[in-house]
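Trainee: Using the sequences provided together with the hints, build the complete structure.
Chain by chain, the residues:
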Amino acid sequence: MHWGMVIDLRLCVGCNSCVIACKAGRGTPQGTFWNKVLEQEVGTFPEARRIFWPVRCMHCEEPACLEVCPTGATSQREDGIVMVDAQKCVGCKACILACPYEARTLWKEKSGYFGDSLTPYEEVAYSAHRPASVQKCDFCADRLAQELKPYCVESCLTGALIFGDLDDPNNEVNRVLEQARIPFRLKEELGTKPSIYYVGY
Amino acid sequence: MEKKEFIIGKRPQKEWGWLIILALFFTGSGAGSFFFALILGSVTRMLMGVILVLVGALFLLADLSRPLSGWRVILRPQSSWITRGALGIISFFVLSVLYMLAVSLQHGRSVSLSGAPWTTGPTWLMVLGVLSGAVALFVAAYPGFLLGSMRAIPFWNTALLPVLFMISGLLCGLGEIYLMPLQWEGQTWGLVLLNSLSVGLLILGFFLLLSLILTVHSGTTKESVRLLTSGSLRSQFVAGVIGIGVIVPLIILVLIFGGATGTSLLPIAGILLTLGMLLFRYSILKAGIYTTPV
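Order-wise, the sequence lines are chains A and B. Numbering-wise (numbering that gives the first Met the number 0), the first sequence opens with residue 0 and increments by one. Numbering-wise (numbering that gives the first Met the number 0), the second sequence opens with residue 0 and increments by one.
Calculated from the structure, these hints are not laboratory results. A couple of the hints might just be wrong.
Unchecked claim - Simulated pairs of lysine-lysine, DSSO-like, Cα-Cα distance not exceeding 30 Å:
1) B:LYS9 to A:LYS109
2) B:LYS9 to A:LYS35
3) A:LYS192 to B:LYS9
4) A:LYS192 to B:LYS221
5) A:LYS109 to B:LYS221
6) A:LYS192 to A:LYS109
7) A:LYS109 to A:LYS35
8) A:LYS22 to B:LYS221
9) B:LYS9 to A:LYS22
Please read all numbers here as calculations on a predicted model, not as lab measurements.
Mentor: See the structure below:
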């Protein structure tokens, strides 16, 4: 079992529903985004176009964050998911500096989106997070345990995010990868071996 | 949240700021001070080096979100340079304090400067001295390895940085030695040795700094070099590090070395060296730019 994802760039329309679904479902703190849709402008007029790149923790096979973590707060499960144990994190920020995908954020203080006091929703949602520790996407590990897909995948309007077991040749992720012309991973030259593939560039 | 967070572009790192800059400065300069005090055999100056490293270690702890859990950083020496650095600093404290105690018990508070003291005394004391000196060099150099392990910042990923940090730490140490009043009369060997080392290290450091900015660069690294040479860090790097920290002290030391002037200019060289090496850490950390994820 090796959880992974394929992102079809031709299908992503930049609606950010995955970003909102993650924020709502996981209740991530103010200013923290476990996934983002980055915008890139390529070409020149009249051939200019905009590409949307959904990015999140790449759950690398060789995680740059894991090797720099001095406390063991970052670990990797057998199914490939890179986890952060907030109880062990001391906030040295080395993992943020090491991650080439800008996937990690330090949640500094317990403040909400609407002033100093938290809304009832924030009170409940933020209780799942520990201030002064680093956060990132965990592929919705708790939902996977219930055989549910991550919030971002469930919410994608166009089916641009395909999630599954990379070790299973019959899984949809591998079928998409086989049919893709040139599947690639981001920053492969850094040797991190991400578990997220992109197709359709 | 910044809107530009969702736009692909080159972003400077903001995670490690002044607390880390000061931490690296104090640990590096303390280790350098200790190293040269060891050569001179001055327990008082060794103590000053240990205190500076302690101040640096406190800055390192202060930068953590959870300083009280700081002990956890020693748990992963197999891959983390933060752990290795922390263990190096702890070993430095243990070995240096043991050595200072041993020397004080053997020779009194300060050893004579008339001869290299680490060449005399019982074997175990010399071994302890060599070990504490080696650990001091490691404490001065490890920030270069630490920065080099950050794969998202290509500018830091160079073999030059550990050497530059070690040289910079030693130069800081020399700067602090020059700053403290020292009776050089009759201690010619000490002054000649320190000046020779200073001049050598400054020349080597100058060429390594040139290599750092002149080596062929592309993408994010090119932007870091642009920041240092013609961007917002130009005055700190070109005027501060290369001018104030390297060239002017080099001229002063060559003048003293050549007998053109007395040792009265040494404290000025000391101040300039110290300031330049602080700016070196500032420039290198601030020039760290993240590689774009895409």
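Trainee: Next step is simple, just say for each hint if it's right about the structure.
Mentor: Quick rundown of the hints versus the structure:
At roughly 29 Å between alpha-carbon atoms, LYS9 (chain B) and LYS109 (chain A) fall within 30 Å of each other, so this suggested pair holds. Distance restraint check for LYS9 (chain B) and LYS35 (chain A): the Cα-Cα separation of roughly 16 Å lies within the 30 Å cut-off, and the hinted pair is therefore satisfied. The hinted pair formed by LYS192 (chain A) and LYS9 (chain B) meets the criterion: a straight-line CA distance of about 22 Å does not exceed 30 Å. At most 30 Å may separate the alpha-carbon atoms for a hinted pair to count; LYS192 (chain A) and LYS221 (chain B) meet this at roughly 25 Å.
A hinted pair counts as satisfied when its Cα atoms are at most 30 Å apart, and LYS109 (chain A) with LYS221 (chain B) does not qualify at roughly 38 Å. At most 30 Å may separate the alpha-carbon atoms for a hinted pair to count; LYS192 (chain A) and LYS109 (chain A) exceed this at roughly 34 Å. Pair hint LYS109 (chain A) plus LYS35 (chain A) holds up; C-alpha atoms about 22 Å apart against a cutoff of 30 Å. Pair hint LYS22 (chain A) plus LYS221 (chain B) does not hold up; C-alpha atoms about 36 Å apart against a cutoff of 30 Å.
At roughly 25 Å between alpha-carbon atoms, LYS9 (chain B) and LYS22 (chain A) fall within 30 Å of each other, so this suggested pair holds.
Figure legend: structure checked against the earlier numbered hints; hints not met, in rising order: 5, 6 and 8.
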